[in-house]
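Undergrad: Going down the list, the sequences are from chains A and B.
Numbering-wise (my numbering), the first sequence opens with residue 1 and increments by one.
Numbering-wise (my numbering), the second sequence opens with residue 1 and increments by one.
Quick caveat, the hints were computed from the structure, so don't treat them as lab data.
Zero decoy hints are in this set.
Cut-off 25 angstroms, straight-line C-alpha distance, at most; resulting in silico cross-link-like pairs (SDA-like, lysine to any residue):
1. A:K484 - B:S97
2. A:K376 - B:F16
3. B:K107 - A:L480
4. B:K107 - A:P457
5. A:K484 - B:D89
6. A:K375 - B:S60
7. B:K107 - A:G473
8. A:K375 - B:T18
9. A:K376 - B:A20
10. A:K376 - B:D59
11. A:K376 - B:T19
12. A:K376 - B:T57
13. A:K484 - B:K107
14. A:K376 - B:S60
15. B:K107 - A:S459
16. B:K107 - A:R476
17. A:K375 - B:T57
18. A:K375 - B:T19
19. B:K175 - B:D302
20. B:K107 - A:I456
21. B:K107 - A:S470
22. B:K243 - B:K318
23. A:K484 - B:E132
Rough simulated footprint, nothing fancy, chain A against chain B, three-plus residues with beta-carbon under 8 angstroms:
24. 47-57
25. 80-86
Just a few of them, taken from the derived set where beta-carbon distance is under 7 angstroms, the chain B residues facing chain A:
26. D89
27. A91
28. H95
29. F104
30. G105
31. S108
Note that this is a predicted model, so its numbers are computed, not measured.
Heads up, the beta-carbon is just placed ideally off N, CA and C, and yes, glycines get one too.
Chain by chain, the residues:
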Amino acid sequence: MHSNQPFATSLNAKRGARSGRNWLLFSVIAALIVTLPILGLALEALKGSSGLWAHLFSTILPVAMVDTVILLAGVGIVTAVIGTTTAWLVTAYEFPGRRLLEWALLLPLAVPTYIIAYAYLDILHPIGSVQGAIRWVLGYESPRQFRLPDIRSMTGCILLLGFVLYPYVYIPTRAMFLTQSGNLIDAARTLGVSRRAVFWRVALPLARPAVAIGVALALMETLNDVGAAEFLGVRTMTVSIYTTWITRTDLPGASQIALALLLIVVALVGIERWARRKQRYATDARRSRGFSPQKIAPLPGLLFLGIGLVPVLLGFVAPAIYLTTEAWKRYRFAGLSPRILDEAVNTIVIATVATVVTILLGLVVAYAARIRPGKKSAALLRLSSMGYAAPGTVVAIGVLIVLAGLDRFIDRTALDWFGVSTGLLFMGSGAAVVYALTVRFLAISAGGIEAGLSRIPMSLDHASRTLGQSVSGTFRHVHLPLSKTAISAAALLVFVDCVKELPATLLLRPLNVETFATHLYGEAARGTYEEAAIAALAIVAIAILPVLLLSRVGSTRPDAG
Amino acid sequence: MQENIAVRLENVSRVFGTTAAVNGISLDIAKGEIVSLVGHSGCGKSTLLRIISGVETVDSGRVVLDGREVDGNTFVEPEVRGVGFVFQDYALFPHLSVRDNILFGLKSRARTEAVAMAEDVIRRVGIDHLAERFPHTLSGGEQQRVALARALAPQPAVILMDEPFSNLDQGLRDKVRTDTLSLLRSLDATVIMVTHDPQEALSVGDRVVLMRSGEIVQAGTAYDLHDRPVNSYAAEFFGSFNKVPGSWRDGRLETALGSFSGAQGSGPESGTILYLRPQGIVVSVDRGDFSARIEQRIFQGDSEQVLLRVDGLDLPLKVITRERLPSGTEAVKISILPERTMVF
Numbered sequence: 001m002h003s004n005q006p007f008a009t010s011l012n013a014k015r016g017a018r019s020g021r022n023w024l025l026f027s028v029i030a031a032l033i034v035t036l037p038i039l040g041l042a043l044e045a046l047k048g049s050s051g052l053w054a055h056l057f058s059t060i061l062p063v064a065m066v067d068t069v070i071l072l073a074g075v076g077i078v079t080a081v082i083g084t085t086t087a088w089l090v091t092a093y094e095f096p097g098r099r100l101l102e103w104a105l106l107l108p109l110a111v112p113t114y115i116i117a118y119a120y121l122d123i124l125h126p127i128g129s130v131q132g133a134i135r136w137v138l139g140y141e142s143p144r145q146f147r148l149p150d151i152r153s154m155t156g157c158i159l160l161l162g163f164v165l166y167p168y169v170y171i172p173t174r175a176m177f178l179t180q181s182g183n184l185i186d187a188a189r190t191l192g193v194s195r196r197a198v199f200w201r202v203a204l205p206l207a208r209p210a211v212a213i214g215v216a217l218a219l220m221e222t223l224n225d226v227g228a229a230e231f232l233g234v235r236t237m238t239v240s241i242y243t244t245w246i247t248r249t250d251l252p253g254a255s256q257i258a259l260a261l262l263l264i265v266v267a268l269v270g271i272e273r274w275a276r277r278k279q280r281y282a283t284d285a286r287r288s289r290g291f292s293p294q295k296i297a298p299l300p301g302l303l304f305l306g307i308g309l310v311p312v313l314l315g316f317v318a319p320a321i322y323l324t325t326e327a328w329k330r331y332r333f334a335g336l337s338p339r340i341l342d343e344a345v346n347t348i349v350i351a352t353v354a355t356v357v358t359i360l361l362g363l364v365v366a367y368a369a370r371i372r373p374g375k376k377s378a379a380l381l382r383l384s385s386m387g388y389a390a391p392g393t394v395v396a397i398g399v400l401i402v403l404a405g406l407d408r409f410i411d412r413t414a415l416d417w418f419g420v421s422t423g424l425l426f427m428g429s430g431a432a433v434v435y436a437l438t439v440r441f442l443a444i445s446a447g448g449i450e451a452g453l454s455r456i457p458m459s460l461d462h463a464s465r466t467l468g469q470s471v472s473g474t475f476r477h478v479h480l481p482l483s484k485t486a487i488s489a490a491a492l493l494v495f496v497d498c499v500k501e502l503p504a505t506l507l508l509r510p511l512n513v514e515t516f517a518t519h520l521y522g523e524a525a526r527g528t529y530e531e532a533a534i535a536a537l538a539i540v541a542i543a544i545l546p547v548l549l550l551s552r553v554g555s556t557r558p559d560a561g
Numbered sequence: 001m002q003e004n005i006a007v008r009l010e011n012v013s014r015v016f017g018t019t020a021a022v023n024g025i026s027l028d029i030a031k032g033e034i035v036s037l038v039g040h041s042g043c044g045k046s047t048l049l050r051i052i053s054g055v056e057t058v059d060s061g062r063v064v065l066d067g068r069e070v071d072g073n074t075f076v077e078p079e080v081r082g083v084g085f086v087f088q089d090y091a092l093f094p095h096l097s098v099r100d101n102i103l104f105g106l107k108s109r110a111r112t113e114a115v116a117m118a119e120d121v122i123r124r125v126g127i128d129h130l131a132e133r134f135p136h137t138l139s140g141g142e143q144q145r146v147a148l149a150r151a152l153a154p155q156p157a158v159i160l161m162d163e164p165f166s167n168l169d170q171g172l173r174d175k176v177r178t179d180t181l182s183l184l185r186s187l188d189a190t191v192i193m194v195t196h197d198p199q200e201a202l203s204v205g206d207r208v209v210l211m212r213s214g215e216i217v218q219a220g221t222a223y224d225l226h227d228r229p230v231n232s233y234a235a236e237f238f239g240s241f242n243k244v245p246g247s248w249r250d251g252r253l254e255t256a257l258g259s260f261s262g263a264q265g266s267g268p269e270s271g272t273i274l275y276l277r278p279q280g281i282v283v284s285v286d287r288g289d290f291s292a293r294i295e296q297r298i299f300q301g302d303s304e305q306v307l308l309r310v311d312g313l314d315l316p317l318k319v320i321t322r323e324r325l326p327s328g329t330e331a332v333k334i335s336i337l338p339e340r341t342m343v344f
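With the hints as extra help, turn the sequences into a complete structure.
TA: Here's what the structure looks like:
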C-alpha cells in the first residue's frame, strides 16, 4: 500500500535533518528582516562623528529627554489611575448600566493619539463653541476676559493621551480582578477587612503586575506618538527624530536620537517582562470563581455610572461627535473630493499589502516555533516581535537606512551593468512603508497566530503525520482550518493598526502619496481644518472594529483556562 | 532478516536533556502479534511508541519496520511509514466529520477506492450511525472507536495505541477493550499498546513488555510476568505481596513461616526476602501449619481481605480468601502454598 516511491525520496534525508527545517530557515529570514532596520540604525548612529554626539547632547537631547520623561511619567500616572479605578468600578460593584460601561470603556482605543489631539484643539479652541458656552454661562464677553488654560501644553498632552490610552491598563487589570481576586477577597473579608479596604489591601497589590503591563504598553504608545505631541507643542524625542530628519535631513543625527529613545523602550520592555513573570506566579494560584460584585441601589448606582462614563465621554464620545458633525458639515458643503477618495484607496492598499505580508511572516515564525519547538525557534519568535515596542519613527529611520542603501546599490549596479538608472526602487514605490509596518506589527501577527496554534493539541499534528500528511500538508489540512479564527483576528488587528499608523507612514511614503493619517497630520500641522475630519472619522470607524472584537472576547469571563 | 518481523528495535536510545527516556532497548515484534508496553509514567513507553511512529527520533540505535530501516542511519518521515496511531486523547480533527476524519488518511488514493475503504472500516468498527457527526458531539467511547477506525483505515502495517482506553469510565472501558481487541485480532493486526495499568497489560497482550527508566525489565507472556517475575520490581508491579525476611541455611530459606527450597527464582545469591501473594495463603478455622489472630477483615464481595497477626512477624500478613470465615472468628490457622512463593 505504501509504495516505495515516496520512501525513496525521503531516504536521503540525513540524520539530524528533519522535516520542518525549511520552516526554521524561513523563520530565520523573517527575524532577520525585522532586525535589520535596528541594526542599520545602530550602525548609522555610530557612524556619526563624535562632534555630532556632543552637539546632540548639549542641544536637542536634554530638552527632548526631559520632555519625554515628564510626558511618560504623567501619562503613566493618568492611565494607571483611570484604568485601575474603572476596572475596579465595573468588577466590584453592580449598578444599572454596568455591562454597557464595561464595554464602553474600551471605546477610546479606537481613537489614535493624533486624532484626539486634533479634535480637542478645535473643540477647546478659545473662540470655539465649548469655551464660548462657558463664557456665556459665566457672563463674559470675549476670550480676553476668560479662557480655559491652553491645551497646547504638557498638561494638555498628558491628559489627552491619558484619556485614550487608559484602556491598555483597564483591560489587563479588569481581567486580573475578574480571574483571581475572588476567593482571596472573600478570605480577606472573613479576616476582618472591610469591603472598601479590600481594594487597597488585597485587590490592588494582586493586580499590580497587570497594572504594570498596561502602563508599559500605554507608554510604548506614548513614545510612538508623533502627532499629538507636535500639535500640542511638546517636543518629545519622537518629534525630534522626525524634525531632525525632515527639516534638517540629518540622518546620523536622527538615528542617534532614535538610538537613545530605544534605550527607554528597552527599559519599558524590561518592566513589562518582569511584570508578566510576576503575573504568572500570581495566576498559578487561581482556581476561582470571580468574586460577586456588591449591589448598589439605583440612585447612587447612577452616580457610579456617571463617574465611569467620564473617560468614555472625554476619550471617545466627545471627539466622535465632533468628528461626525464636522465631517457632515464638510460633506454637505463640498461632497467627497477626489483627493479623499484617492487617500482612501492609498490607505486601504497600503494596509492590505502590509497585512498580507505581516500575516505571512507571522505564520512562518509561529509555525516554525510549533514544529521545531526549542530555544532556537522561541528566540526567533521573540526577535521578530521586537518591532512592536519600537516607536514608528525609530523603525522608519531604520528602514530608511536599509532601503536607501539598497536602492543606491541597485541603482549603481544597474547603471554600471546596463547603463540604466533604476531610481529609488523601494523608497519610491511604497515598499518602504510596507516594510516598516511589517516590522512594527509582526508581533501582533506572530503572537496571535501562535496563541491560536497553541490551542491545537500536539496529538493532532502526530495523527496527521501518521495518517500520511507531510509537515506542509498538516499545515494546510489541520492547522490552517483550525486556526482560521486566530489568523483572521490577527489580520484585523494588523490591518487596523496599519490604518491608524502615522509616524512611519509619514516618514516613508512616496512623494505625493497621502493616506488618511498623513492627510490629517498635514492639515493639523498647517492649522487648516478642511477635510481632515472626514479622514479622522474614517480612521476611527475602522479602528472601532477590533474594539468590538475585543469586547466579545472580554465578555466571557476567562475562568476556563 | 526474518520475514515475519513487523517491528525491530535495535539498541534504541533517546535522551531528553540529561535523562535517557529510552535507553538501549532492543525488541522484535512479530507480524500479527499484540504487545502491551507497560510501566509507570515516565518510564519511556510512550517515547518508544512515538519513536516507532516517527514523530520522535532516536539518538542512537535503529528502528526497522517490515525489513526497512526507518530510523538510525536514515530517517523515514512518519507519513510514509505505514503506521496507525491511536492517541490517548483520540486526536480527532474537530473541523472534520467522522467520515472525513477517516478519509484523512486515504488522501493518496483514488477517490472511489478511498471511499470504499472508509465505508469498509466504518462498517467493521460499527460506527455507520456516526459517520456524519462531528467529534465534539460524540461520547468518549464513540470517539475512541472513531479514532480506531481512522487509524485502521489506511491498512497500516502496525497499529500503535497510546493509553487508548484510559479516558473511558471503568464500566465502559472493559467492553470497549474487549471489542477493540477482538476486532484487531480478526484483522490479524500487529499492535503495540502502551498502558500504565498492570491488569490491562496482562489481559491484552500476547506479550507483555515491562519498562522502567527507559529500559526493559522483563518481556514475556502475561503468565511469565505475573508468575515468574525476574525481580522484585516486576513482581510488585503486577501484584501486592507479603514480604517475609529470612536467611539461607543449607540451600533453604529459613523464615518465621517455615523453610523454603523450591521457591521461584530462589537461590542463596538472589536475596533473603520471601514474597507471598495474598492469594497464596490458605486460611481456615481449624486446619493449617501456623496459628494466627485476625486483626482486621475487609469484605469485598467475591472475596475477603484479612489482616493476620502471626508470631515472629513484625508486620501483619495480608490474605485474600474466598473462604467465608464465621463472623466473630478470632484465631485461625494458615498454610502457605510453596509453589506460589518467590524469593528476591
